[in-house]
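K.L.:
Sequence:
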Amino acid sequence: MAAQPASPAPVQEPGLRARKKQRTRDALIEAAHRLFLGQGFARTTVDEIAGAVDVSQRTFFRYFANKDEVALAVLAEAEDHFIEQLQARPAEENPLRALRAAIVGSWRERGAGRDTGPSSVTAALELIQMIETTPTLLAAHLRRVTEQERVVTLIIAEREGLDPAEDLRPAVLAAAFGGVLRAAHLSWSADQEDAGPEGMIALIDRHLDLLGPALVGDWRP
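Be aware that the sequence shown starts at -3, since it is given in the working numbering, and climbs by one per residue.
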């Protein structure tokens, strides 16, 4: 009797495959974050990260090119989300108001329901602290920050109908806004982690409220 052909393997729905890939990616980021903070970035290997999620090194490299990329993944996603928020702001808002609303919306949306895991507020801010003390990561992060400032400059210029090559205000604002955000992020400390996204938003607001007085105000009594 002829052997029956083997039944074809069940085909996963595209949505199911995408969710499974996202879960694996998130698990790798979370494992890397835990290992980096626990034993240091330099001492952590790709094999350790993959092993913590019970996947192969080959699987790791399907998602990330190297350790730097997985370390910066949470911040890269947050930065991309901020750009999306900025592009969606109403045209009648002035540039600084649009930037401010975009960063607040980004933190609030990404923090909603994410009290733990690689996308949580605490995870992102702990990573910022680690990046600032790891030269290779800081260099890669600053390159991305520079690129984001260029993108913000172009978005603001387009919103205002300006040529950024002739009018320097979009570039100046993008640089100043980025600097204020970095100062706010670096002023966060572990004892503020229970405040969640609203605590970070309040910290950013405090820094942005001082932007005008710091630039044009008289500091001495």
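In short, the hints are calculated from the structure, not lab data.
Mixed in with the good hints, there may be bad ones.
Claimed, not checked - Now the in silico label distances, taken between C-beta atoms and shown as ranges:
no.: 1; residue 1: GLY208; residue 2: ASP163; range: 43 to 49 angstroms
no.: 2; residue 1: PHE57; residue 2: GLY175; range: 44 to 50 angstroms
no.: 3; residue 1: ALA87; residue 2: GLU65; range: 31 to 37 angstroms
no.: 4; residue 1: ASN90; residue 2: ALA198; range: 37 to 43 angstroms
no.: 5; residue 1: GLN53; residue 2: GLU154; range: 39 to 45 angstroms
no.: 6; residue 1: VAL147; residue 2: GLN35; range: 30 to 36 angstroms
no.: 7; residue 1: PHE57; residue 2: ARG202; range: 20 to 26 angstroms
no.: 8; residue 1: ALA72; residue 2: GLU194; range: 19 to 25 angstroms
no.: 9; residue 1: ASP50; residue 2: ASP159; range: 50 to 56 angstroms
no.: 10; residue 1: GLU162; residue 2: GLU44; range: 50 to 56 angstroms
no.: 11; residue 1: ASP159; residue 2: SER185; range: 39 to 45 angstroms
no.: 12; residue 1: LEU206; residue 2: ARG54; range: 47 to 53 angstroms
no.: 13; residue 1: LEU158; residue 2: VAL42; range: 43 to 49 angstroms
What the hints assert, rightly or not - Mimicking SDA-like on lysine to any residue, the simulated pairs with C-alpha atoms at most 20 angstroms apart in a straight line are:
no.: 14; residue 1: LYS16; residue 2: ARG58
no.: 15; residue 1: LYS17; residue 2: ALA46
no.: 16; residue 1: LYS63; residue 2: GLU156
no.: 17; residue 1: LYS17; residue 2: ASN62
The structure displayed is predicted, hence computed values, not measured ones.
Beta carbons: idealized from backbone N, C-alpha and C, even for Gly.
K.L.:
Each hint: holds or not?
P.N.:
For each hint, the structure was consulted:
At roughly 20 angstroms, the beta carbons of GLY208 and ASP163 sit outside the given window of 43 to 49 angstroms. The hinted window of 44 to 50 angstroms between PHE57 and GLY175 is violated, with their beta carbons roughly 35 angstroms apart. Between ALA87 and GLU65, the C-beta spacing of about 35 angstroms keeps the proposed range 31 to 37 angstroms intact. Hint check: ASN90 to ALA198, Cβ distance near 22 angstroms, so the stated range 37 to 43 angstroms is violated.
Remark: the range hint 39 to 45 angstroms for GLN53 to GLU154 is upheld by a beta-carbon distance near 43 angstroms. At about 35 angstroms, the beta-carbon gap between VAL147 and GLN35 stays in the expected band of 30 to 36 angstroms. Here the CB-CB span from PHE57 to ARG202 is close to 42 angstroms, at odds with the stated 20 to 26 angstroms. Distance hint check for ALA72 and GLU194: the Cβ-Cβ separation is about 23 angstroms, which falls inside the suggested range of 19 to 25 angstroms.
Against the hinted window of 50 to 56 angstroms, the Cβ-Cβ separation of ASP50 and ASP159 comes to about 54 angstroms, which satisfies the hint. Separated by about 52 angstroms at the C-beta atoms, GLU162 and GLU44 satisfy the suggested range of 50 to 56 angstroms. Between ASP159 and SER185, the C-beta spacing of about 42 angstroms keeps the proposed range 39 to 45 angstroms intact. Against the hinted window of 47 to 53 angstroms, the Cβ-Cβ separation of LEU206 and ARG54 comes to about 49 angstroms, which satisfies the hint.
Separation of LEU158 from VAL42 is about 45 angstroms and conforms to the stated range, judged on CB atoms against 43 to 49 angstroms. Proximity of LYS16 to ARG58 is assessed by CA-CA distance (about 14 angstroms); at most 20 angstroms being required, the pair is judged to hold. Between the alpha carbons of LYS17 and ALA46 the distance comes to roughly 14 angstroms, so the proposed pair stays at or under 20 angstroms and holds. Among the hinted pairs, LYS63 with GLU156 is inconsistent with the structure: their alpha-carbon atoms are about 39 angstroms apart, more than 20 angstroms.
For the proposed pair LYS17 and ASN62, the alpha carbon gap of about 18 angstroms is at most 20 angstroms, so the pair holds.
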